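Peer 1: For reference, the chains in residue letters:
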Amino acid sequence: MVVEKKKERSSEIPTSSLADIAFLLLTFFLVTTTIDVDKGIGLVLPPKGEAKEVSKKNITNLLINAEGKVMVDDQITEIPMIRNIIKEKITRNPNLIISVKTDEKTKYLYYIQVLDQLKQANAKKISIAEPAK
Amino acid sequence: MTKEKERSALKFSRKVKAEAGIPTASLPDIVFMLILFFMVSTVFKEFRGIPVRLPAAKQIEKLPGKRNVVYLWADDRDRVSMDDKFIDIKEISNIMYNKLSDPMKQIRVVSMKVDQQAKMGTITQIHEELREAGGAALNVNYSTKTAN
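If you read the sequences in order, they're chains A and B.
Numbering of the first sequence is given in the numbering used here, commencing with residue -15 and proceeding in unit increments.
Numbering of the second sequence is given in the numbering used here, commencing with residue 4 and proceeding in unit increments.
Hints are computed from structural coordinates only; laboratory data are not their basis.
Don't take each hint at face value.
Below, simulated EDC-like cross-link-like pairs (lysine to aspartate or glutamate); rule was C-alpha separation at most 16 Å, straight line [stated by the list, open to error]:
| no. | chain 1 | residue 1 | chain 2 | residue 2 |
| --- | --- | --- | --- | --- |
| 1 | A | 32 | A | 114 |
| 2 | B | 48 | A | 57 |
| 3 | A | 41 | A | 57 |
| 4 | B | 148 | A | 20 |
In silico contact screen, one side only, chain A against chain B (beta carbon under 8 Å); selected entries [unchecked claim]:
| no. | residue |
| --- | --- |
| 5 | -4 |
| 6 | -2 |
| 7 | 6 |
| 8 | 7 |
| 9 | 13 |
| 10 | 15 |
| 11 | 23 |
| 12 | 25 |
| 13 | 28 |
| 14 | 31 |
| 15 | 32 |
| 16 | 51 |
| 17 | 89 |
| 18 | 90 |
| 19 | 95 |
Okay, the calculated bits of chain B under chain A, using three or more residues with CB under 8 Å as the criterion [to be verified]:
| no. | stretch |
| --- | --- |
| 20 | 37 to 45 |
| 21 | 61 to 70 |
| 22 | 84 to 93 |
| 23 | 108 to 120 |
| 24 | 130 to 136 |
Please read these numbers as outputs of a predicted model, since none were measured by experiment.
Ideal placement from N, C-alpha and C gives every residue a C-beta, glycine not left out.
Make a model of the complete structure from these sequences and hints.
Peer 2: Below, the structure is given as structure tokens:
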């Protein structure tokens, strides 16, 4: 008599390599992920066609020329000095609007440095002047 | 007799070997949890943009998430890039308007990645276009590095 061998087949899924597979996936995501944080200076532009008349005593003109020289109310200043000047002006007049005017050829770098100074001085009302047409 | 038996039994039970392996049965679960966390928290970069040297600033704000942001690149040669295409500055208002009216995206901020050597003339033109589009396009964030 021939006795047939009964082959025992395991009905379970082998899970010993599952951890390895999962680790592989994990390393893939870890390597492909670049965490770049987007940070910057926020500003809200005024809507189109909104021009307000403001009395002159509530405005401080801040001019930046093409060479990066800054003038606050007809006084030439260095960029790191702006913070203190504006802070002082705001404590004297909380409704003060700072009107930033730039030359067409002014570098963006100076503009950001000035904006940074204004933000450090806690200036809330910043106006970016349109170029005269 | 009985005491002797007890003693021998005690001796026997003391020889029980302590298990030396770390239980690895829950390892896949832990790893899967880690994977799920990374998969959910990852937002893939949508656009490559153009290489720019960002200026540095101290008083900076974080952007509200990454999914509600429109990115706009501009470099020192007056080139403006949106959606990985060089575009004319005059086209910005139309593109922005289309993006804002897309109900699938709740745009909240426009992130401007501008080269520090770019001219303000270009920036002012971009401002004009954003004001033309209106709405959330007015919320501008000038992307900067962190200054020390």
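Peer 1: Evaluate each hint against the coordinates.
Peer 2: We went through each hint and held it up to the structure:
A distance of roughly 11 Å separates the Cα atoms of residue 32 of chain A and residue 114 of chain A; the hinted pair therefore holds under the 16 Å criterion. The hinted pair formed by residue 48 of chain B and residue 57 of chain A fails the criterion: a straight-line CA distance of about 44 Å is larger than 16 Å. The hinted pair formed by residue 41 of chain A and residue 57 of chain A meets the criterion: a straight-line CA distance of about 11 Å does not exceed 16 Å. Simply put, residue 148 of chain B and residue 20 of chain A have alpha-carbon atoms about 11 Å apart, close enough for the 16 Å limit, and the pair holds.
Interface restraint check: residue -4 of chain A against chain B, minimum CB-CB distance 14 Å, threshold 8 Å, status violated. Evaluation of the residue -2 of chain A hint against chain B yields a violated restraint, the C-beta minimum of about 12 Å exceeding 8 Å. At about 4 Å, the closest approach between the beta carbon of residue 6 of chain A and any beta carbon in chain B falls short of 8 Å, and the interface hint on this residue holds. Nearest Cβ of chain B to the Cβ of residue 7 of chain A: about 6 Å, under the 8 Å cut. The hint holds.
At about 4 Å, the closest approach between the beta carbon of residue 13 of chain A and any beta carbon in chain B falls short of 8 Å, and the interface hint on this residue holds. A cut of 8 Å between beta carbons decides the hint on residue 15 of chain A: the least distance to chain B is about 11 Å, and the hint is violated. The interface hint given for residue 23 of chain A holds, since its Cβ lies 5 Å from the closest Cβ of chain B, which is under the 8 Å cut-off. For residue 25 of chain A, the interface hint holds, since its Cβ comes within 8 Å of a Cβ in chain B; the closest pair sits about 5 Å apart.
Evaluation of the residue 28 of chain A hint against chain B yields a held restraint, the C-beta minimum of about 6 Å falling below 8 Å. Checking residue 31 of chain A against chain B by beta carbon gives a least distance of about 6 Å; that is within 8 Å, so the hint holds. Given hint, residue 32 of chain A at the interface with chain B, holds; its Cβ is 5 Å from that chain's nearest Cβ, closer than 8 Å. A least Cβ separation of about 13 Å between residue 51 of chain A and chain B goes past the 8 Å threshold, and the interface hint is therefore violated.
The interface hint given for residue 89 of chain A holds, since its Cβ lies 6 Å from the closest Cβ of chain B, which is under the 8 Å cut-off. Taking 8 Å as the C-beta contact cut-off toward chain B, the hint placing residue 90 of chain A at the interface holds, the least distance being around 4 Å. A distance limit of 8 Å between C-beta atoms decides the matter here; for residue 95 of chain A the minimum to chain B is near 6 Å, and the interface restraint holds. Counting residues of the stretch 37 to 45 of chain B whose CB lies closer than 8 Å to any CB of chain A gives 5, which reaches the minimum of 3, so the coverage claim holds.
Counting residues of the stretch 61 to 70 of chain B whose CB falls under 8 Å from any CB of chain A gives 7; the rule of at least 3 is met. Residues of the stretch 84 to 93 of chain B with a Cβ under 8 Å from some Cβ of chain A number 0, which does not satisfy the need for three, so the listed coverage is violated. Taking a C-beta to C-beta cut-off of 8 Å, the stretch 108 to 120 of chain B contributes 7 residues in contact with chain A, enough for the three needed, and the coverage statement holds. Restraint check on the stretch 130 to 136 of chain B versus chain A: 5 residues with Cβ-Cβ distances below 8 Å, three needed, restraint holds.
In this structure, the earlier hints numbered 2, 5, 6, 10, 16 and 22 are contradicted, and the remaining ones agree with it.
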